[in-house]
Structure formats: C-alpha cells, structure tokens
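Required output: the full structure, derived from the provided sequences and hints.
Those sequence lines, one after another, are chains E and V.
The opening residue of the first sequence carries number 1 in the numbering used here; numbering runs sequentially from there.
The opening residue of the second sequence carries number 1 in the numbering used here; numbering runs sequentially from there.
These are computed hints drawn from the structure, not numbers from a lab.
Hints may contain errors.
The list cannot tell twin chains apart, which means a pair is met if one copy fits it or any two copies do.
Cross-link-like lysine to any residue pairs, in silico, SDA-like; alpha carbons within 25 Å at most [said to hold, decoys possible]:
(1) K199 / G169
(2) K55 / G169
(3) K58 / A237
(4) K199 / S181
Predicted model, so just to flag it, every value in this text is computed and none were measured.
Protein chains: 2
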Amino acid sequence: MDGFERLDAPAEALPAASVTGTLYGVGMGPGDPDLLTVKAQRILMRAPVLVHFCKRGKRGNARTIADAILRDPDRELALAYPYTTEIHPEHPDYVAALAGFYDDAAGRLADHLGAGRDVAILSEGDPFFYGSFMHLWRRLKDRFPVEVIPGVTGMSGCWTRAGTPITWGDDVLTVLPATLSLDILTERLRGTDAAVVMKLGRHLPKVRAALAEAGLLARAVYVERGTMAGERVVMLADKADDAAPYFSMVLLPGEGRRP
Amino acid sequence: MDGFERLDAPAEALPAASVTGTLYGVGMGPGDPDLLTVKAQRILMRAPVLVHFCKRGKRGNARTIADAILRDPDRELALAYPYTTEIHPEHPDYVAALAGFYDDAAGRLADHLGAGRDVAILSEGDPFFYGSFMHLWRRLKDRFPVEVIPGVTGMSGCWTRAGTPITWGDDVLTVLPATLSLDILTERLRGTDAAVVMKLGRHLPKVRAALAEAGLLARAVYVERGTMAGERVVMLADKADDAAPYFSMVLLPGEGRRP
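This is the structure we're talking about:
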C-alpha cells in the first residue's frame, strides 16, 4: 500500500505535468468500502480529480462509498445527470439530452487530462458492467491514456449477503435488466438455471409476474442495499410491497451439481 | 487497515479460544494481487489457517495470487483434488470421489474450527460464483459461523484487460460453461446480447463452432490469464490453435445503447 502520503494534499499542490493525465475508471464495489480493491483505494487517494455521477441536488452513490477514505472535497467533480425520468430511455429527446450531457462532461474531463491531471471516475460495482463510466470512456479513450480497475459487482455483493451461491457446476447464469418486456423476461427466466435481475425500480411488479409465469417465484430472493447500511434480504414472495430503490435486485440462485 | 500485527505469527502462538472459529470464504479476485479487496487482505493476514485447493503435486491458483502478501507456510492447508480428468464430471465414480474428497476436507476444517481457529478458504474470483468453496460451505455452514467476502470475478478481470465493456444499456448477459453441448451453446449464444464462456479447457473447438454457427465468431474475444503475468488478449478468429489453459475465457461484448 502506498499513496497515503498524498491523502490530504490539495490538487493544486501537485506539480504540473508536461504530459497528459490518465483517465482511471475505478470500480467502487457493491457498497461496503471494505470491498474496494487495494488498487482502487490507492488511485482514490492519489488522483487529483475525482469524478462521480449524481442526480441534481443529491450525492452520488459511488461517492458515498468513498466516504470512508476521502476527506478532501477540493478534488471532487460532480456530474449531475439531466434527469428526465418521465421520458422513455429510448425516446430521442432523452437520448439527445444524455448524449449532450456526456459530451459536455467529456469536455470538462479532457481539460483536466490535457493539463496533465489524472482523472478518476468513481464507478459503482465494476466500470465495464452497465456503467455510466463507459460513455465517458468511449469519448476519451482515443485521446488519453486509460486504465480501468475492475470492481466487485453489485450482484456479487447481493448474492454474498443473501448467503446463497448463484451458480453451481454447469449452471447457466443470465443477467437481465428489468426494463425488458414481460414476455422477454419470462422467456429468458424459463431458459436459464440462474438469474440476476437488475435495474428494478418501477419494474418490480413486471419482474414478479414474469417469475410467477415461469414458475420460479418461490425461488426468487429480493436484496436491497446489499453490503450497505439498511441492507434487506427477503424471499421475493414474502415482500408485500413493490417498492424497489436504486440499489436492489432479484436473484434466482442456481441448483446445479453438488457432489 | 489492521491485521499487520499477526502477519508472521505462527498459528500455535494464538490463544486457544473457548468458542468455535469462523469459516471465511475469501474471494481472491481475478489474479492480480492488487485486485484483492481491503477486507480479503485483512482476513488473509489474520486467519491462522489458510486453505487452498490444488491439483496433486502443484500449487493452487488461488494460493499463487496470495504470494504477494503471505510469507508464512505454517498457516497453510492444501487440499489436493482427487483428479481423474479422464472421467466425465457426471460419471457416478467421479461424483463419489469428489464427494468423499469434500467430506474429508470438511472434516479437517471442522477440527480447526471446533478448536477455535478461524479458517480462511482462498477462492479464485468470487466464492459464490462457480467456486469449490461452496462445496465446503454447504457441509459446514450449519455448524460454524461463516463469512463470505465477495471478490472481483475472473470475467470482470478479463473484460477489463480486453479493454471492452461487456454490457451497455439493456443488454442481456449470459454466462455459459463451455461444458454444455454444441446445440445448447449455439442456442444460448443466439439468444443473448453479450456472453462469457467459462471453463474452456478442451472445449474450445466446440465453443468456436457454436459461435460460428450463431454468426458471432467475428465479435468473440479470447482472454488468457487476464490481469496476470503471461496475459494474452486476441480476437478468437485470430487464435490459430485450440489450446486453452485453466485461466482463459471467451467474451462476446454487448452492443447496446450508447447515447
């Protein structure tokens, strides 16, 4: 472990570099700061610019994970999504708003990188697994050095805290966004041994219906805020309401070979 | 970070406890020791008994990952598989041999746990994701306290090093053991947006055929020893031979929404 020496050094105290900075995509893990990797922790302590995504007026989830080790807001750059949750994610207006947001954010990061400052983007879970990071990476990867640090995924954190292995032997695992249609969800659930359903939000009633239709509801586990404060693990069939916050998912553990 | 104080203390120097020890399943990550979590590292430094699986006469892969931080072989317990690779994994003789091996190993760990010694099982990747750990966990979890520490999976390490996000937007990800039949592999590959094919071994020609049949061979990436020394990343179509060591997999990156 190194990097401690710079923990409280303000960004402006670092020497100006004659070369460009490196863009880091830092996997922040599932929530518990103890599940950061050694490498992620080192980069978080060192990088002069720490970027996180958030909703307007709120702190970002990835940033909250870093609370345990970061105490210098001078290094922080918050990127507030142009949230328009009333619009369907495939609606042209929404896509255009997001594209503009990512273009603008990439420009801001490019200014730092061009001035020789390393930029670390805090990414919930693993940066290359359904992450907003990828949209900035795509815009910057051909202009600046990039390093991605994989992280423990939210789903690993959830099945661990649920106390259930997800795959045994030759089990097939399918990871499904809850945004898919009822028919597609049902078909995919029927055709797999194990499943993780992500991005629940307002789609939980549909996910419940798909599991019931596939005859799998009794095996499904609901996990909320896995590895974090306020964690909740319950069989989905026993969950009375259909509220599902951002950090929640449904697990269908496999039942494969167990010698 | 704590735990350093016990780093070089031999197991017998620890005080005898009046309560049972805790069984830890420690996710060792994809290979690079810098990708251990802070929590995994702490437990590795502390636990008086460190268990790893291996083939007869060889060091285990999970144990090799720990080389960077462990220097006290007195704490180690190696469990050598009764490897009979000529027998099909579903053959009754093989299942019986494995079951006997796990029963015996669980008995040895129970002796340590019953004597109050914590036992840490080093598990490649994430312990609850296709891990041998689960077979000991299943035999011991109702008798002793258990804590599982999720890890960065081998597949996260591989797609990171391949420099390719695996899932975008609403992509469905399917994780497939290469041990499945050609027909099933082909069907599953056809019906997904993104895929990871694990456990390649001697099955690589079949995986290649399934990808070609599904019209996906041109998109497939082969990764060997991701995050480790000797790492190799190549488009599968450009890989001339069919050799695939233990630490290898095939990735089919998703092509979902990119605002």
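Cross-check of the supplied hints:
Taking identical chains as interchangeable, the C-alpha atoms of K199 and G169 lie at most 25 Å apart only when they sit on different chains, with a minimum of 10 Å there against 27 Å within one chain. In this assembly of identical chains, K55 and G169 lie within 25 Å of each other by CA distance solely across copies; the values are 18 Å between and 41 Å within a copy. Taking identical chains as interchangeable, the C-alpha atoms of K58 and A237 are never at most 25 Å apart, the minima being 32 Å within one chain and 46 Å between chains. When the C-alpha separation of K199 and S181 is checked against a cutoff of 25 Å, the pair qualifies only within one copy, where the shortest distance is 13 Å, while the shortest distance between copies is 32 Å.
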